[in-house]
Amino acid sequence: MSPAPRPALLIGCAAGFSGDRTDAAGPVVSTLIARLAAGPAGQRAFLIFETLAERTLALAQLRRRVDPEAGYEPLLDAMLRPVLRRCLQHGIRIVGNFGAANPEAAARHVLRLARELGLQAPRVAVVHGDDARGTAAMALLEGEIGGRVNTQAVVSANAYIGAEPIAAALDAGADVVVCGRVADPSLAVGPAMSHFGWAANDWQRLGRATMVGHLLECGTQVTGGYFADPGYKDVPGLANLGYPIAEIDAEGRCTIGKADGTGGYVTEQTVKEQLLYEVHDPAAYLTPDVTADISDATVRQVGPDRVALEGVTGHARTSHYKVNVCHEGGWLAEGEISYAGPRAEARARLAAEVLRQRLPRLQLRADLIGVSSIFGDDGGQLLSAQAAGDGRDVRLRVAAAHANRAEAEKLLHEVTALYTCGPAGGGGVRTTITSRLNTVSCLLPRDVVPTGFSFVTEAA
Amino acid sequence: MTAPRTVPLYRLAHGRTGDKGDRSNISVIAWHPALWPLLVDQLTPEVVAQQFAHRRPSAVQRFLLPRLCAMNFVLDGVLDGGVNDALNLDTHGKALSFLLMELQVQVPEALMPHLAGPPGG
Numbered sequence: 000m001s002p003a004p005r006p007a008l009l010i011g012c013a014a015g016f017s018g019d020r021t022d023a024a025g026p027v028v029s030t031l032i033a034r035l036a037a038g039p040a041g042q043r044a045f046l047i048f049e050t051l052a053e054r055t056l057a058l059a060q061l062r063r064r065v066d067p068e069a070g071y072e073p074l075l076d077a078m079l080r081p082v083l084r085r086c087l088q089h090g091i092r093i094v095g096n097f098g099a100a101n102p103e104a105a106a107r108h109v110l111r112l113a114r115e116l117g118l119q120a121p122r123v124a125v126v127h128g129d130d131a132r133g134t135a136a137m138a139l140l141e142g143e144i145g146g147r148v149n150t151q152a153v154v155s156a157n158a159y160i161g162a163e164p165i166a167a168a169l170d171a172g173a174d175v176v177v178c179g180r181v182a183d184p185s186l187a188v189g190p191a192m193s194h195f196g197w198a199a200n201d202w203q204r205l206g207r208a209t210m211v212g213h214l215l216e217c218g219t220q221v222t223g224g225y226f227a228d229p230g231y232k233d234v235p236g237l238a239n240l241g242y243p244i245a246e247i248d249a250e251g252r253c254t255i256g257k258a259d260g261t262g263g264y265v266t267e268q269t270v271k272e273q274l275l276y277e278v279h280d281p282a283a284y285l286t287p288d289v290t291a292d293i294s295d296a297t298v299r300q301v302g303p304d305r306v307a308l309e310g311v312t313g314h315a316r317t318s319h320y321k322v323n324v325c326h327e328g329g330w331l332a333e334g335e336i337s338y339a340g341p342r343a344e345a346r347a348r349l350a351a352e353v354l355r356q357r358l359p360r361l362q363l364r365a366d367l368i369g370v371s372s373i374f375g376d377d378g379g380q381l382l383s384a385q386a387a388g389d390g391r392d393v394r395l396r397v398a399a400a401h402a403n404r405a406e407a408e409k410l411l412h413e414v415t416a417l418y419t420c421g422p423a424g425g426g427g428v429r430t431t432i433t434s435r436l437n438t439v440s441c442l443l444p445r446d447v448v449p450t451g452f453s454f455v456t457e458a459a
Numbered sequence: 000m001t002a003p004r005t006v007p008l009y010r011l012a013h014g015r016t017g018d019k020g021d022r023s024n025i026s027v028i029a030w031h032p033a034l035w036p037l038l039v040d041q042l043t044p045e046v047v048a049q050q051f052a053h054r055r056p057s058a059v060q061r062f063l064l065p066r067l068c069a070m071n072f073v074l075d076g077v078l079d080g081g082v083n084d085a086l087n088l089d090t091h092g093k094a095l096s097f098l099l100m101e102l103q104v105q106v107p108e109a110l111m112p113h114l115a116g117p118p119g120g
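Line by line, the protein sequences give chains E and C. Heads up: the first sequence begins at 0 in numbering that gives the first Met the number 0, then just goes up one per residue. Heads up: the second sequence begins at 0 in numbering that gives the first Met the number 0, then just goes up one per residue.
It is worth saying that the hints were derived from the structure and are not from the lab. There could be a bad hint or two in this list.
Some chain E residues flagged as far from chain C (calculated, every beta-carbon gap over 12 Å) [unchecked claim]: (1) A37; (2) A135; (3) E457.
The calculated BS3-like cross-link candidates involving lysine-lysine, where the alpha carbons are at most 27 Å apart (straight line), are [as the list claims (entries may be wrong)]: (4) C:K93 with C:K19; (5) C:K93 with E:K232; (6) C:K19 with E:K321; (7) E:K409 with C:K19.
Ideal Cβ placement from N, Cα and C applies to all residues, glycine included.
Produce the complete structure using the sequences and hints provided.
Structure follows, in structure tokens:
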């Protein structure tokens, strides 16, 4: 007789991006503690934080250049401080990619925080291998991106690595696992692999767990955040959204819910939107762990704020890692000025024309906020196809990018000069110039990106 | 038999935009299973490409998920370079699902009760 399957694993998510609400984790942890107390023996819970968007890591790398002890998630302290004690007391282990460009420093911060809180030092592991600027990988990278990027201007090059080093760190007893660039769903796949003892080629279960991670990875985007549309999708308690909690069984099937006593909701609609978010071919959602397949997936409301995801499967993973290379990308100049009242739109359009004539060598993008500023294209095709209307409250916004800062700054001077030299009644000029980071993506064979983990024992 | 009514897509479906690099994906999810065949018939890749013509997509693909009554559009080259390169305000193209939701769809009278939102909304 085979042993009874292990009870469902609970995974709560308390951040969906760098800059997410820092009061998110409290209700998630309270709910996890309550469910562990009421649940079967042997039930376990994890708390995950996803804080790395496509460009976040390069910005972190720039901070680390200035301060060698920086470069991890700036809100790490605010996110963990309210819950670290309760997590450690109740055996809720933490996995996050809040290490960003400096996972070791983030780990030291966690240890320092524990010391400040008077806690016994947790076992903090750091996952490494994602930074692809090492010699072997960089030589290959230069071949991949050489034609597209000045490799001297590379700020960061990181591979999206997978769940295996996370699972290994947990198997070795980590209370907290700090990652840099790992694929977002791997933050949930790692705990599930470790807890259920799945093999790294158990494609079906890894595919299912990957989609659980995908539902969790954007925080409240599955619990009513990013969903509300008055009259069509009325979300209760939008100001106090609950962050999601998934229950994964030993087969990788899941039910998605949220923290108790919070706003938002979990419905078939919220789950469907998040299931397809940032997916391309639904039969081949590629991660470093698996090729997940949701082409036959179903979602079903099984209770209030409880939706079951079924029918997910998985296929063998690809032989390569995706690598994001961020490089210095020159300067972005933006200027804005407002026109209001009769013929405001005509005056704003005239101002844009003045800028074009004054700056023939800059490729300008012009938007008329209040008329057309979002759906339009850089070339202005949509805006010029739209007959001048009678917009009475219009803000002209003009943008240009240039490799040379002085060239980009010319736009700022010209927008400012519209005060006295432009059409009547222009006001409220604001100008900004920001340095840019551009990214290119490419693929590297797995064997040139060795991954692993180590424990950090010294607090910062 | 009465002629079909013309209504905006948002009364038949909801959706969300995602982005990776210069590629946008837009989901379209039927409010009711009875509306799904209309979406399959009328929301073709050609119609969607036309709606985004000013952004000059290099390719528009459509993936169907009938068990979810949902479809996924993948539009290449519509983000002016993507989140780091674009000059526009919404560099992720987060609003683009609403550009798609403005499309006009023909709905037979018998299916009108399944539409969402206020009539004419």
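Pair hint K19 of chain C and K321 of chain E, alpha-carbon separation not exceeding 27 Å:
The given pair, whose Cα atoms are some 12 Å apart, holds under the 27 Å limit.
Has the given pair, K93 of chain C with K232 of chain E, been kept, meaning a C-alpha gap of at most 27 Å?
holds, 17 Å
K93 of chain C and K19 of chain C were given as a pair; does the straight-line alpha-carbon distance stay at or below 27 Å?
Judged against 27 Å, a Cα distance of about 11 Å means the pair holds.
Over 12 Å to the closest beta carbon of chain C is the bar; see if A37 of chain E clears it.
holds, 32 Å
Would you assess whether A135 of chain E, listed as outside the interface, keeps its beta-carbon beyond 12 Å of every beta-carbon in chain C?
holds, 25 Å
For a C-alpha distance cap of 27 Å, please report whether K409 of chain E and K19 of chain C respect it.
Distance of about 32 Å is beyond 27 Å: violated.
Test the statement that E457 of chain E is away from the interface with chain C: the closest C-beta pair must be farther apart than 12 Å.
holds, 36 Å
Hint compliance for this structure: hint 7 alone is broken.
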